[in-house]
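S.K.: As given, the protein sequences belong to chains L and Z, one line each in that order. Residue numbers for the first sequence follow UniProt numbering, beginning at 1 and rising by one. Residue numbers for the second sequence follow UniProt numbering, beginning at 1 and rising by one.
Think of the hints as simulated: they come from the structure by calculation, not from any bench. Glycine residues also receive a C-beta, built at the ideal position from the N, C-alpha and C atoms. Wrong hints could be hidden among the right ones.
[Claimed, not checked] Straight-line Cα separation of at most 27 Å, DSS-like style, residue types lysine-lysine; simulated pairs:
{"id": "1", "chain 1": "L", "residue 1": "LYS72", "chain 2": "Z", "residue 2": "LYS69"}
{"id": "2", "chain 1": "Z", "residue 1": "LYS69", "chain 2": "L", "residue 2": "LYS69"}
{"id": "3", "chain 1": "Z", "residue 1": "LYS72", "chain 2": "L", "residue 2": "LYS69"}
{"id": "4", "chain 1": "Z", "residue 1": "LYS72", "chain 2": "L", "residue 2": "LYS72"}
[What the hints assert, rightly or not] Which chain L residues face chain Z? A few, computed with CB under 7 Å, are given here:
{"id": "5", "residue": "THR2"}
{"id": "6", "residue": "VAL30"}
{"id": "7", "residue": "GLN31"}
{"id": "8", "residue": "GLY68"}
{"id": "9", "residue": "ARG74"}
{"id": "10", "residue": "PRO81"}
{"id": "11", "residue": "GLU89"}
{"id": "12", "residue": "VAL90"}
{"id": "13", "residue": "VAL94"}
{"id": "14", "residue": "ALA95"}
Protein chains: 2
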Amino acid sequence: MTSKFTELAIDCADPSGLARFWCAVLGYEVQDDGEDGVVTIGSPLVPEGRSRPGPVPPTLTFARVPEGKTVKNRLHMDLNPTDTDQEAEVRRVVALGARPADVGQTGDESWVTLADPEGNEFCILASRQP
Amino acid sequence: MTSKFTELAIDCADPSGLARFWCAVLGYEVQDDGEDGVVTIGSPLVPEGRSRPGPVPPTLTFARVPEGKTVKNRLHMDLNPTDTDQEAEVRRVVALGARPADVGQTGDESWVTLADPEGNEFCILASRQP
Numbered sequence: 001m002t003s004k005f006t007e008l009a010i011d012c013a014d015p016s017g018l019a020r021f022w023c024a025v026l027g028y029e030v031q032d033d034g035e036d037g038v039v040t041i042g043s044p045l046v047p048e049g050r051s052r053p054g055p056v057p058p059t060l061t062f063a064r065v066p067e068g069k070t071v072k073n074r075l076h077m078d079l080n081p082t083d084t085d086q087e088a089e090v091r092r093v094v095a096l097g098a099r100p101a102d103v104g105q106t107g108d109e110s111w112v113t114l115a116d117p118e119g120n121e122f123c124i125l126a127s128r129q130p
Numbered sequence: 001m002t003s004k005f006t007e008l009a010i011d012c013a014d015p016s017g018l019a020r021f022w023c024a025v026l027g028y029e030v031q032d033d034g035e036d037g038v039v040t041i042g043s044p045l046v047p048e049g050r051s052r053p054g055p056v057p058p059t060l061t062f063a064r065v066p067e068g069k070t071v072k073n074r075l076h077m078d079l080n081p082t083d084t085d086q087e088a089e090v091r092r093v094v095a096l097g098a099r100p101a102d103v104g105q106t107g108d109e110s111w112v113t114l115a116d117p118e119g120n121e122f123c124i125l126a127s128r129q130p
């Protein structure tokens, strides 16, 4: 018996706005923009979604919460550029609304640490994955 | 141009211990237990790993950090039981070391909120996904 990791849930102030940012970063589309204020995004390349057997690329869900972000997140996403190099991808993502994040890195890391428009840290890795 | 979400990085006190818990929950295996203290786990059903085209099920990486968890995580995983119902899966995961988590839920939710052995919140959803 196991469970599968089907959704990464993200607390936020502006579900629609943050969903737009992450759609642009990952090439995802809005799958559900519910009246309950929860916005779900996923890849259009995974049409069968969560119902297919085995592990799946999780959707991202954005839910509005009253409290703001106060500390460095314990969980964060690491991304691989798919069709460009790290430097160009960092420029693209910063143009979309990300900003550099200081989480105590030394500067020798192979990855680049950024934060999304609500301050959630994420990294862009050096390796290129098609 | 896009990036793909290839890794979910989790700050923790005990990478090996937390990796063991999550391997048991998700049916994953340790893929890399690096000397740098970072443990990576992933599904043995995804042998081609991150290099395949398109979105992938992300691996989980556990990295030791000096600071402890202080607030509810802004990001959390939602899980679907694959071959049992929600109630049985909650029992199984609690037996593995999870515990009930109070994040202000009303009791009317369709999901069950738990915390892993280091207090990271996650939910087990009601729907069954094969």
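S.K.: Out of the numbered hints, which ones does the structure contradict?
M.R.: Hint check: 6, 7, 8, 12, 13, 14 fail, others pass.
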